[in-house]
Each structure stands twice: as C-alpha cells, then as structure tokens.
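Trainee: Here is how the chains run, residue by residue.
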Amino acid sequence: MSIKDKIRKLSHLKTDLYKKDFLLTWKKSQDDLKGILEVAEILKEMRDNNISPRVFDSGLAISNFRDNSTRTRFSFASASNLLGCAVQDLDEKKSQIAHGETVRETANMISFLSDFIGIRDDMYLGEGNKYMREVGEALDEGFAQGVLPSRPGIVNLQCDMDHPTQSMADLMHLQNEFGSLDNLKGKKIVMSWAYSPSYGKPLSVPQGIIALMSRYGMNIELAYPEGYDLIPEIVDIAKKNSERSGGSFNISHNMEDAMKEADIVYPKSWALFHIMQQRTELLKNADTEGLRALEQTCLANNAKFKNWEYDEAKKKLTKNQDALYMHCLPADISGVSCKEGEVNADVFEKYRIRTYLEAGFKPYIIAAMMFTNKFENPSKVLDNIMKRDRRRVGF
Amino acid sequence: MSIKDKIRKLSHLKTDLYKKDFLLTWKKSQDDLKGILEVAEILKEMRDNNISPRVFDSGLAISNFRDNSTRTRFSFASASNLLGCAVQDLDEKKSQIAHGETVRETANMISFLSDFIGIRDDMYLGEGNKYMREVGEALDEGFAQGVLPSRPGIVNLQCDMDHPTQSMADLMHLQNEFGSLDNLKGKKIVMSWAYSPSYGKPLSVPQGIIALMSRYGMNIELAYPEGYDLIPEIVDIAKKNSERSGGSFNISHNMEDAMKEADIVYPKSWALFHIMQQRTELLKNADTEGLRALEQTCLANNAKFKNWEYDEAKKKLTKNQDALYMHCLPADISGVSCKEGEVNADVFEKYRIRTYLEAGFKPYIIAAMMFTNKFENPSKVLDNIMKRDRRRVGF
Amino acid sequence: MSIKDKIRKLSHLKTDLYKKDFLLTWKKSQDDLKGILEVAEILKEMRDNNISPRVFDSGLAISNFRDNSTRTRFSFASASNLLGCAVQDLDEKKSQIAHGETVRETANMISFLSDFIGIRDDMYLGEGNKYMREVGEALDEGFAQGVLPSRPGIVNLQCDMDHPTQSMADLMHLQNEFGSLDNLKGKKIVMSWAYSPSYGKPLSVPQGIIALMSRYGMNIELAYPEGYDLIPEIVDIAKKNSERSGGSFNISHNMEDAMKEADIVYPKSWALFHIMQQRTELLKNADTEGLRALEQTCLANNAKFKNWEYDEAKKKLTKNQDALYMHCLPADISGVSCKEGEVNADVFEKYRIRTYLEAGFKPYIIAAMMFTNKFENPSKVLDNIMKRDRRRVGF
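Chains as they are written, first to last, in the working numbering: chain L, 1 to 395; chain V, 1 to 395; chain S, 1 to 395.
Hints in this document: simulated from the structure, not taken from any laboratory.
All C-beta atoms, glycine included, are put in the ideal place defined by N, C-alpha and C.
It is possible that part of the hints are untrue.
Said to hold, decoys possible - What the simulated footprint calls covered on chain V by chain L, stretch by stretch (three residues with Cβ under 8 Å from a Cβ of chain L suffice, anywhere in the stretch; the number is not a length):
| id | segment |
| --- | --- |
| 1 | 61-74 |
| 2 | 256-262 |
| 3 | 353-361 |
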C-alpha cells in the first residue's frame, strides 16, 4: 500500500487522541491504538524515503527521566527531532526542585513554550502514574488560567502501571511479524517471569503487555513463580479484554507448561509485588538499613527460581520449536551480561536482530503519539507533508 | 493594538542594544528597556498566534549555569529555540576547565560558531558580574583578532549584582497588571526581606527590583531587618533613579510599617551582606569548617526574624487589603515547602496563578534581549517575519 | 578564489569518503584529506558570509564522550548544528549500559534515527580505536539486517591512536599560515614532549601529528625523553610517509637540539607508553592501589624532565627565533595554569591568539567529515547550497 493509500485509510478512523495525554493503553479506544500504529507506520515510511515529516518550525519537548534510560531517551529524542522539536531535559539534580517546589509549580514553569512532556517514573508502585496525572492536572489549570498558551501533551515513557510506548512498539512489531493485527487472533503469547540477578525491576512491561495484547484476540499466558503477582486491577483489565476480544487469559506458575505451543514468548524479570510496596514505604522514610535488607530478601527470593531461564529446552516446547522471542531490552543474557539470567545466550542470539527490530518501532510510536496529540486531523497534515515533499537530508 | 502597530511603535525608539551585552539594567537607557519590553510583547503575541519568529536557520546559544536553575534554564532554552538556536550547555564538571584553563581561553573555545552566551553566576559577592565582564572582554579580543567570525552576545541570567531577566519580566508583569508603564507612577512597591530557613540566597533579585522599578516613578519601600543591607552602590542607584523619575525611595526595618497602603509587595529572603562577603573569602580558601560555622550563624540570625512572614495580617495593611503579591519563585511557603517561610500558604495561594503569569514573561524577555542584540533594526526584521507568515506548528 | 571556484576545484578530487567512517588519517588517501580541507574551507566561508549550509531538515548527531572535553564537545555541537542536526549525548552514567549491555546492542539502540556518532575514547591504549571499530561493525550489521534505515557515520573525536579532528584542524591552520599545502614542503616541524605536572595524557595528539604532517614533505623531528615512546606502528607509518612525500623523519632526546631551525614547534606532554599499558591492565582489574602507585611513579618520572619546557631560550634556537608555536589546548603554562609546565608564559602569550585560530578550524573539519560521509557528490550539494542562497541569520 502506498503512503497516500495509508493516509486515506487513516482518515476513516474515529480517534480521540487530539489534545489528550497518552498515559495508559487501556484508557484508549481500539481506533485510538490503530491510529497510533498507522501514523507511526506512515512516519517511518516517510523517513525511510527521505521525506521530512517536520511539522514544527520551533518547539520544545521536555524529557523528565526519574529513572535511567538509554533506549527510551533516544527514542524520545528521535521522535521529537523528526517532528522538529528540540529536547530539553528536566534534570531534577540541576534544578531547584529539591528546594521544596511543588509538582504543580514546576509543571507550569517548564511549559511556557513547551509542546510535549515525556515522563519516566517507574520506580515506586502507586507513584509514577499518579505523578503524571498530577502534572497533567497542573497543566490543565495553567492552560485554563491563561498561564500557558497551549496545553503540552504528556507521553508516558514508563510508569509503575504501564509502559505504553514499549507495548505499542511491541504490538507494531507483532503486526509486522504476523502480517496484520487480525492475524494475531488465536495466537498464544506467553508473558513469563524470568530469573535475573538484579533487583527491583518494574512491573510495567508485563502489565502493559497483557493489558494490550489481550485486546487482539490472543491467548495470553501469564506465567510467574508464586508471589510475583502483578497489580490485580491490571490483571482484571487483561482478563476482561480477553473475554471481549475472543481470546483467552490464563495464569500459571510453571514456565515449561506455559511455553507449550506458544507462538510468541516474552520472558522477562520483574520484582516481587509486595516487595515493591514495602520498598516504596522504606524509600519514603529513607530507611537505608531496611532497603538493604529488603534487597537481600528479594535477591534471595529470585535465586530460588534460577530455572526460570528461557533456554533451548523451553524453546523446543513452543510452536514449531520456534516461537517469536520478544524482549524490551536489555535482556539479562546468561553468560553474557550476567552469570545466570533471563535467557540462554544461544537462544537470544537466534532472535537478537528481531529484538532490535522490535525496539526500532519505539521512536515512531512516540512520534505518532505526539503527532496525534497536536493535530486534530492527522491524515490531513500527513497529506500536506506529502504535497510539500521536502527532503529530510540534502536537496 | 495590532502586532503591526506595535512594530511601528517600536520603530520610533532610539535603542543602543545592537551588539551590546545585557548585564545590568542600570547601564541601559529608558528606550533600551522599553525596546526590550516591546520586542518581548511582539514575540509573545506572534507565538500565541502561531506565527514563527524564527530568525536563525542554525545557531548556538551557550548556557553556563554556575548555580542551579529550573525556570531560568527553561526560559533560556525556550527563547533560544523560538529564535532558532540550539542550546549547548557548558557543564564545567564535564569539561577540562578544572585543568587550569583561563576564562579568556574558554570564552573563545566555546564561541567559534556561537551566537549567544547566557551566564548565571550569582553565588559570590564581587564575582559573578566580574566573570561576565571578563568573558565579554575575551570575546571582544577574539572578535578583534579574527578568532571569532562574530561577537556572541552575553545575557546575564543572574549575577551577584542584578538579575535583569527576572526584573524585566517582573516589569512586564506590572505593565500588564496595571495597564501601562505610565500607570506605575505613584504606585507603592514594597521590596521586603522575608524569613527563610535556607542560607545564602543571592541579593540580586531585591537589588534588581529596586534599581529597575525606581525608574518608573514608583514609591519604593525597601524593608529588611537591621544587617540585611544590599550592596550600597546599587541602593544609591535606586535612590538617584527615584529622584529622577519623580518617585520616592525609603528604607525601613519594620515589615508591618512597610506594607501600609502598598500597591505591590515582593516579600523575599536574601542573605546577610557581610556574611556573603565572608563566605566568598572562605570559599576561596576552601575553608569547610569556617563555612559550616558561617552557615549556622546565618541560619541563627535569620531565625530571629521569623515574624518577617507575609501573612494575612500584613496583607490587610496594604491598599484595599489586596496588594499585588510578586515573587521570582520558588517561594518558601509556610507549611508547604518549609515549616516557616516567606509567605503564608493561604496568602500565596490567592496570588499563585499571578506569580506563574509573572514567570511566564521571562522567556520572551530573554528572546527580546537576544533579538535586539543581533539585529540593528529589530522592527524591520519583525516586519519581515509578519510578511513571511510562517506557522510555528503545522501548515 | 571565490566560493564557486573552490567548489569547482573540489569537484576534481577523487575521494572515497562517502559512507566511510573517519577513524584514522593514515587510512585515508591524499585526495580524501584534501577533500576534507576544501569542504571545511568552503563551509567556513559560507558561514562567515551568512550563507546557511544547512542540509538536514532534521537529524541526530550522537556524541559519546568517554573522557572529558570542552573544545571537541563544542566543535562537534557546532558542526552538527551548522548542518542541521541536533546533538544527543550518550551519557553512559544516565543510561542502562552499566547493566551489562553489549556495545553491539547499544550501537543499534541509539542509531534508529541517527546520522552521525562522534566518539571520544582516549584513555586506554589498545582500547579506544577498538571500541570505535566495534561500534562500526555493529552498525554495519544493523544496517545490513534492516534494523537501521541508514548507516550512521562515525567520527573519531580522539582515540588511543589518533586524534584526526585535531590533526586535520592543525593541518588547516598550517595551510593557512604558510599559504598552501605545497608550501609545507621542506618545513621543519618539531613534535616535542614537554613537561607537565599532570598524569596520563593520551599519546594520540603527537601520533596524529607525526602521521599526518609526514605526508606533506615536512621534516619531522620527534623529540622526547628516553622512555616516552609512541606506539611503534604509528611511528613506522610516519617514517614511511616521510620517505614517500620527500620529507624526513628524525627522533631525538634533546629538546634544545630538536628546536634548532624549526619552522613549527608543537611542545606537548604525553604519558609514558609502558605506563599507559600497565594502567590499562590495572584499570581492567580495578586495582586502585596499583593505580595510585603508578600515578606517583609517572609524576616522579615526569619531574625528572622539568627542563623540557618551551621557553625563550629554546624559541631563540628556532628559525628567525620565531617558529610557529602550536598546541591543541589547554596548554600547561608555567606560572599560569600550573607552577611549572609545558611552555613559558611569555612565549605562550606571543602565540596565544594563533592557538585560538588553530582551534577554530576544528568545527569545520568535523562538519566536513560529516558532509563528505553523507553526500556522494559534495561539490554538487555545495553548489546547490550556493544556488539556494539561504541566510543563516535574518532575512
């Protein structure tokens, strides 16, 4: 399908993305998600063909990373740059925020000439998404009161609940691997816990995956050792999505069983739910002793499940012994990045390039979230970009 | 008045801003300051109407923050971006400057392709403004010797003497609140010290306020506890300005008395003058013990004046019990950002949005300083921008 | 010669720079180097005449500084900005790289929408250049496998072997000082070790200088105290270059002797070769004790050669007592940046501005490396830029 045909197809969707933040996939309609995927695809194809989709003559995209990041940071910078915005990082160490400034105030102070704010805040259960909503409310007030000339759109770059730029990139990858969203119906995807020697990994990736993939008629298998539950409300969402979409949803506590006849596997470590809750409390009280003890507990608990490694034997249990392996990266690869980890080195190597392809969709997903937030009629603007026909490089 | 009328009005001013640094408001003529305000207003209106005032196809704006900053950092980034310059931060920790490089050399090394340098250096009395002038002299030499193709303009983002981007934004806010600069005549503005549990706040905001507002026929009331004097030379400037502009200038040491019938109040903490001088010496000698002792002395001294809080009772003394409250933010709000601070929480809340509006002028003030530094005939360039009619977002 | 004539001259060169990384000058042909110099000159002249050579509507240039930098960081930012790319810094402290991510993976993760990667990695003998080649191979694979839409070009911003953006800027400076590359024939250049109280300075500058200048028929004098050898393979390259170009190559261990009748002198400190090798091992083993002891040894050894300072007496030995003094900056200036250092303060002062001019070529050298990497036919694109005639500032 030509770019122009894709734009025409896009124009038939009824999306409600204009001026809306992108915080949680489950707050978005099917058409919204489809719209993001289609805009992402069009932007990617434009850039691949040296057509510049730049729509900002000037503009600022604020990044606020409250946790480390390489891939998402570069994806956000790439998306911003492609559309014509400069990235300005809010480095809370270099700012005066520690002086007791409220979220409400900072949100306005950084937004006078800003178009987007990308936020990663994934460390504490019950905190990250709340923070994003607080920022959003402050921006709403600032805009309503005439402080801000426009309301910057917020992109959730990972919170405690969801990681929508990741899960949507993953969905775009699946669409690409299986040919269409329709083809995902009836496919079995295993979101499995896997062993890692590291501590405190967020729950947002597995939560994001089950809540999103359950909307496409897939058979979701969520597998983890007893105790490694996800946030119950999000598991409920996934269950209901599965019912509605004609898929299925199952939880198991045995990695081998889970892998049987899987089309897609996503073996990835995450922290113990109740540990994460305790951790949030300890961090609030700055209880260093308590935190150290908790880390030991957590690592010791993880270590009981070293057999939760995705290896050749488990791969053999999957459909045609060749389920599509997915990971948000970086994976803990046994013998490469750690002694024992989430995945066997040979197995990972077989799918390595495909995990890179998977990651490569993220910049376009973010750009699509920005684009649809800013333009009421994205297909019309995309059409104008085609007519303008400006090269990204050279002339 | 339409943008075009504003541009025509601007063209009648006799400014001397072209190729001049903006370091101290009291080195600028009335027309200079008016020119900055008018250009800022025009740029703001352009952006509010989606007209892009971008005048650089490429260009660099260097930021050199020797102290923490959120608002000014974002204001500088916003201004640079709006005009088409990328911000490049001179992070003295990541550079080789610690290796004994002289200011003279660094100033040239960062300026080969730079258009502007924004500097914040407000920590040490007698140092910050001196540093900016040294940078300026180095750039003059570099340009004269053919090292630099053009002379980057310096914008003072706060020094030990003045904080001109703040005071000019404050003036723009007052102009907006009271309708015109002329309407400021005869208004009483109280620049008052206020209690803060923090140590070493610069003197540049109160100094900048009294030196600038005294030029518009206002009645300046400078209030502070004995000992919290400002730099005498700058107080003298304010006094002379008041005489010349037909206003008045008074110093008092009682917050209640000062507030009576005030039209505008600016309650804000600052450090003890002689303490700041001692501190500079101790810092030069890296006397950690001495610094710690000094901090204790300073905090203990501050604590004697906890009643210097702007509260409901003091507000009741002002004109119509409703003087315009101003602050450069972040304020130390009692019970919010600290136990006891500069302002009562309820009082602050009443004027909170207006302090945000006040802060919102800063990016445009900075952009106007850059713009007038770069173009000999700003009104002509602004006129061309109107004719070009390029949208900032979309097309 | 007009810009257009220069572009015509450029079109006659047979370069092989398109889609090639710029890692080592000795892997490049004479025409390649000439091409870089000529493009750099044209870009500089364009900018000096307010002609914008911007060729990217959007684009990313990644900087990866594994060692501190001011000048090269700003040169890279300036070059990227001039061509229209935004700089995105890969700060390995803020990223998840410490989590055991492989070079291969990171290289791809940061490159989905990147056009260039500038790398400084000069700390460890045998490591820096190897790292750059590893990144390059990862990008080759990523591009071949469809992960990357294009292959970002790598610019070596200093490694353990070469510092090509420095040596090429130095060559451009010499061309400028002596009128042409041809005029460099027969000139005596002394690359001399000099005393410094600092430890572990890379060998890449002296190596880069002898390997490059030896290609232009110059008489190379490499002078250093016994033990301060450079990498033997690179000295061999310089020797062979000298033979081929009709120049000469000599090593001496007496600074006075070396300086006699020199046209150009480059007195600069570097570390002991075998010390640097030991250091790499100690760093790999994180042997803090060993490192401290080694530093003492190294500084003590340096201190034996405090008379290796370029001073008035040595200057008097040079051609007309006025050899052109060069330095990559910052220099260790006796009595200015250190007690005793590489160069006497009065001597340095005499040539100070010329060292600034020397440094000023670097941004254009980097821009030329980027430009020739991206365009198969640089003269045609430059010609189009002239025809477009877009101003960099104003309109």
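Trainee: If a hint holds in the structure, say so; if it doesn't, say that too.
Mentor: Status of each hint after checking the structure:
1. 61-74: With 7 residues close enough to chain L, the hint holds.
2. 256-262: violated (count 0)
3. 353-361: holds (count 5)
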